[in-house]
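S.K.: Let the sequences and hints guide you as you build the complete structure.
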Amino acid sequence: MGFQNSDVISMLDFDRSDLETLFKVSDEMFKHRKTKLDVLKDKVMASFFYEPSTRTRLGFEAAMVRLGGSVIGFADPGSTSMAKGETVGDTTKMADAFSNIIVMRHKCEGSAMFAAELAEIPVINGGDGIQHHPTQAMIDLYTINRELGHIDGLHIAMVADLAHARLMTSLCHAFAYYDNIKLSTICPKQLRMRPDLRDYLNSSSVTVYESENLDDVIEDIDVICMSRIMPERFDDMSEYEKLKGSYTIDRKSLENAKESMIVLHALPRVDELNPDVDNTGHARYFQQANYSLPVRMALLSLILGPER
Amino acid sequence: MTKQEKILDLPDKFEGRFRCIYPTCITNKPREAIVPKFSVISRSPFRLKCHYCGRYIEWDRVKEQINESASISES
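Residue numbers (our numbering), protein chains in the order written: chain A, 37 to 344; chain B, 1209 to 1283.
Treat each hint with caution, since some may be false.
[What the hints assert, rightly or not] Under the rule of at most 25 Å between Cα atoms (straight-line distance), these lysine-lysine pairs were calculated in the DSS-like manner:
#: 1; chain 1: A; residue 1: K143; chain 2: B; residue 2: K1257
#: 2; chain 1: A; residue 1: K67; chain 2: A; residue 2: K77
#: 3; chain 1: A; residue 1: K129; chain 2: B; residue 2: K1245
#: 4; chain 1: A; residue 1: K143; chain 2: B; residue 2: K1245
#: 5; chain 1: A; residue 1: K120; chain 2: B; residue 2: K1237
Please keep in mind that the hints were generated in silico from the structure rather than gathered at the bench.
M.R.: Next up, the structure:
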């Protein structure tokens, strides 16, 4: 499908060959992550974060600056006309006139798709509610590929709030592009994946196992993808109070893991990932954060830069 | 036409006919100029998928909306 002038709304917009291209360019960008290129010197990125973000927003803004472009936008919609009631639709049309690309995050599912329908310029989804977070999934896949050398044939455990974690949805979409993936989902029953995602995986070649206990599978796992339980996604906070802290990983829980097994977490973490894992050979979440800049540089340059 | 034939006769997509039941779907954000769209992903049991939020709407929730619009048109 390719990246040139494309929207990035979900991982379903791309295929394996696109991801391989992205990884290749990310390898090149990794060498330039502390320098400044001029690939996008005449381009402006609108950075519209209607919902809190640290890594995604700063990552995209840093990537755009490193590529020679510039950034306009907001991290607090309260400081804009949204506080006066301006809609996502109108704000998108305004950005369409002022910039060359929009990166946005919004609490409503479908917001990025809606913006992409309105804008003539490309829209990158930096997270829409509980639905998609494609660029974080690209970073996670790049980290796995870079750290383990391949993605095919891996046994991946998602220790996560699968009902609400948009990253896990995007990762599941992408795992279907690889061969012989085994996926173990580890979480309380109330946080299991939504029916639409389950149906998607059932129609793919991914083999899915469900468990509430990581110990059941830890010896066979190659990658653990973690996320926090997200209070902001619960309608009923008493339900969140019951479930918070219901899964945690610490050094002891990884005692039976393969030596080569790696742990990913997009951060921020709360109590689900004990800092005592940081100094084990399994922790890769800081490398994962380190790879986020070259992957975002690669993505922006593939969309807006000269055709490769 | 039997009930089963009526279900099979339905289109594959609906635009503007139903609303998404999930409050955080962009189609439920006030004043956004957006038309809800759904695809039929199963006819038995009848199930729709929201084009924007990707989630399923089961027959009982669709039926509620049909009954609501029928009662409005009667009144």
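S.K.: Next step is simple, just say for each hint if it's right about the structure.
M.R.: Consistency of the hints with the structure:
1. A:K143 with B:K1257: The hint holds at about 19 Å.
2. A:K67 with A:K77: Since the Cα atoms of K67 (chain A) and K77 (chain A) sit roughly 19 Å apart, the hinted pair holds (cutoff 25 Å).
3. A:K129 with B:K1245: holds (21 Å)
4. A:K143 with B:K1245: Between K143 (chain A) and K1245 (chain B) the Cα gap is close to 19 Å, so the pair holds against 25 Å.
5. A:K120 with B:K1237: holds (15 Å)
Checked against the numbered hints given earlier, the structure satisfies every one of them.
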